[in-house]
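Asker: The listed protein sequences correspond, in order, to chains A and B. For the first sequence, position 139 matches number 139 in our numbering, and the numbering has no gaps at all. For the second sequence, position 187 matches number 187 in our numbering, and the numbering has no gaps at all.
These are computed hints drawn from the structure, not numbers from a lab. If a hint is listed, it holds; no wrong ones were tucked in.
Facing chain A, from chain B, some residues (calculated, C-beta under 7 Å):
id: 1; residue: 42
id: 2; residue: 144
id: 3; residue: 161
Which stretches of chain A does chain B cover? Using the computed rule of at least three CB atoms under 8 Å from a CB of chain B, they are:
id: 4; region: 40-50
id: 5; region: 140-154
id: 6; region: 159-167
id: 7; region: 226-235
Glycine is no exception: its CB is placed at the ideal position from the N, C-alpha and C atoms.
Protein chains: 2
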Amino acid sequence: MAIGIFDSGVGGLTVYKTISEHFPELDMHYLGDTARVPYGSRSQETVINYSLQCAGFLVDNFDIDTIIVACNTASSYAIDHIRKKFKVNVIGVVEPGSYSALQVTENNKIGVIGTRATVRSGSYVKALKAIRSDVEITQTACPLFVPIVEEMLVDTDIADMVVRHYLDNMMTTGADTLILGCTHYPLLKNVIAKFYPDIKIVDSSEAIIDCINELKLNVNQHSKREIYLTDESPAFETLKNILAGGITAKKAVLKP
Amino acid sequence: MAIGIFDSGVGGLTVYKTISEHFPELDMHYLGDTARVPYGSRSQETVINYSLQCAGFLVDNFDIDTIIVACNTASSYAIDHIRKKFKVNVIGVVEPGSYSALQVTENNKIGVIGTRATVRSGSYVKALKAIRSDVEITQTACPLFVPIVEEMLVDTDIADMVVRHYLDNMMTTGADTLILGCTHYPLLKNVIAKFYPDIKIVDSSEAIIDCINELKLNVNQHSKREIYLTDESPAFETLKNILAGGITAKKAVLKP
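Excised from the complex, chain A in its bound form (with noise of 0.2 Å):
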């Protein structure tokens, strides 16, 4: 048995990489909907429809028993309707982010930032409170991130810019914590460290690794990596280096 992870594009990739290095043994299977990213300016059912393609060509095509919802646009409106299609584990990325959240903040006031369906769809928020009420919870859709990063500017003038543009006035709320609402963002990570030293920044794919461990799955595999595609993509082939050790994509078909 094996996990399946999907994303709408490469921004997953950082889920794969963390995953990768904690069970290095483990077999899994990627797919980026190359052919159709962004999900984050979709409409619900269109990201429904989209992220049931997904889920379906994994559970088709491989012997696995773990899908991962590596993008916080699909798990914000997707990941019940996966839920009940396909009768294997779903997990995705906004419990584990917001239970990490509620962990390590310490005055119980925390930033969201995403795409704008995640922050419109407010899963970040319901997620939240649904743990404690009492949470303060403050968004912002950032959509010039996700170009930041695939463009490769992450060490430029602009990126500390477009930082700045989105966060400083949320940094005057008092959060103590920034969830990452979006498998882009732990690669701005330093930049909004720089800027903001003292906020806990929570990134979704380090907390999946406790949702793995509480699966109790066979973890000591074959160590079978694959990369599915839906269309070729300038995005991985500037990221692969980094997220995917180099790895070669082979091309996905989706059934509508």
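With chain A's structure known, arrange chain B on it following the hints.
Answerer: Showing chain B alone in chain A's frame:
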């Protein structure tokens, strides 16, 4: 008879707006494939496939005699395929823009900016060289321009910095003319002109007016204007008042 216009998203509304202003009585049906935008980072095969579906939607649903491909990426990759499949006039943005640029350049040095896919396709280079073989061309992909426009950051320091990031180098080549090879870019025209006041800026949407005139279409129709989108679009809500007279979009479902 009427005109059908399509684009990968909402950038083609700059073309829609220019045509609307020149031919106020023309009937026009606009389709934006907002469920799969952007095309600019996708492969040739995928762009052709999506473009044929868009053209098919316009031909199947409306009594049109002309399709305007208001997307540089689709014009670069798919226009011959659309011409072969559908028996209507097909106007892209690459050839009209190239003609205009060659009319205005005085030193025969032209810069072209666009998405990664448009630049990679070399379509402007081919079109320009086909008309004047000794023209000198420099191309630069500017992937951050589209999100800057869609996030309404045009009047910020971020836009200034990003414009200079992409264009400072190109301007050292001595080009006196710059083709805006992406339909979003006209909204950055003022920022570009601020930093490079001597460059002649070519906006393909204006060049299309001459093509429509040459076809000698009946442009005195009923001023019917419709906008269809394949998904809800925050970018459309942001830009509709500037580019589409505040019109409400309808939902389009494309055949695979």
